[in-house]
Amino acid sequence: DSTNMIFTAKTWKLRITDLNQGVVYGVKTDETAADEALINRLDYDSVFGTALNRFVIQAAVDHPITVYGKGGQTRGFLDIRDTVRCIQLAIENPADVGSMRVMNQFTEQFSVNDLAFLVQKVGKTVGLDVKIDHVKNPRIEMEEHYFNAKNSKLVGLGLEPHFLSESLVDSLLRVAMDYKDRCDNQLILPANSWGGSGVGRHFVEKKAAAASK
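All the letters of the sequence shown, read from the start, carry residue numbers 53 to 265 under the working numbering.
Quick caveat, the hints were computed from the structure, so don't treat them as lab data. One thing to keep in mind: the hints can contain errors.
Stated by the list, open to error - Ranges of calculated distance between the beta carbons of each label pair, as one might list FRET restraints:
#1 Val-75 <-> Asp-53: 14 to 24 Å
#2 Asp-181 <-> Trp-64: 50 to 60 Å
#3 Ser-151 <-> Gly-179: 49 to 59 Å
#4 Asp-87 <-> Arg-153: 29 to 39 Å
#5 Asn-237 <-> Ser-151: 46 to 56 Å
Claimed, not checked - Straight-line alpha carbon distances no greater than 30 Å define the calculated DSSO-like cross-link-like pairs of lysine-lysine that follow:
#6 Lys-173 <-> Lys-232
#7 Lys-183 <-> Lys-173
#8 Lys-65 <-> Lys-205
#9 Lys-122 <-> Lys-173
#10 Lys-183 <-> Lys-65
Note that the structure is predicted; figures quoted are calculated from it, not measured. Idealized CB from N, CA, C, for every residue including glycine.
Generate the whole structure from the sequences, applying the supplied hints.
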């Protein structure tokens, strides 16, 4: 992709910005908070759901937090409000004509374990008994590794990050608790494996059992 973008930028004198998106958490921006009808979707399944959003849903429905493997997988994360702001900054400050630039779009770095322990800690303050379960990792990835990405470009353009805090996790948990009746628990556990093909056996069996009732 990067090679193609560089080629097209130089050939047709385009301005191209490639935003390397980090893992997004949260459900509200300033605009969507204006009315409940504007609330964003919150994916919590094993395919589209991101780590922190999945964990708060699992805590809200009294399902153990599903940490894949050792939980040392570390990634860049950012609040959904910062996601929107990063795109705005990239548009307002375009690349030079005929060039392609890359910006890392994240504000902080966390391991999966960091997030799981944070949700567990905050969950206790709202009356939840949050358990953590290390499940077999369905992904092909290193579970402990070095990670030290930089995000100075967007900060230099004026990004003022909303850092992850206990109060923010508290607000996420309360949203999850308010809408927990909409959660389909069958979507929580991994439905497929990167090393295999098709849909996981446990997922098929649970769906078949539900359909037969």
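Discussion item. Of the numbered hints stated earlier in the document, which are not met by this structure?
Written reply: Hint 10 contradicted; others consistent.
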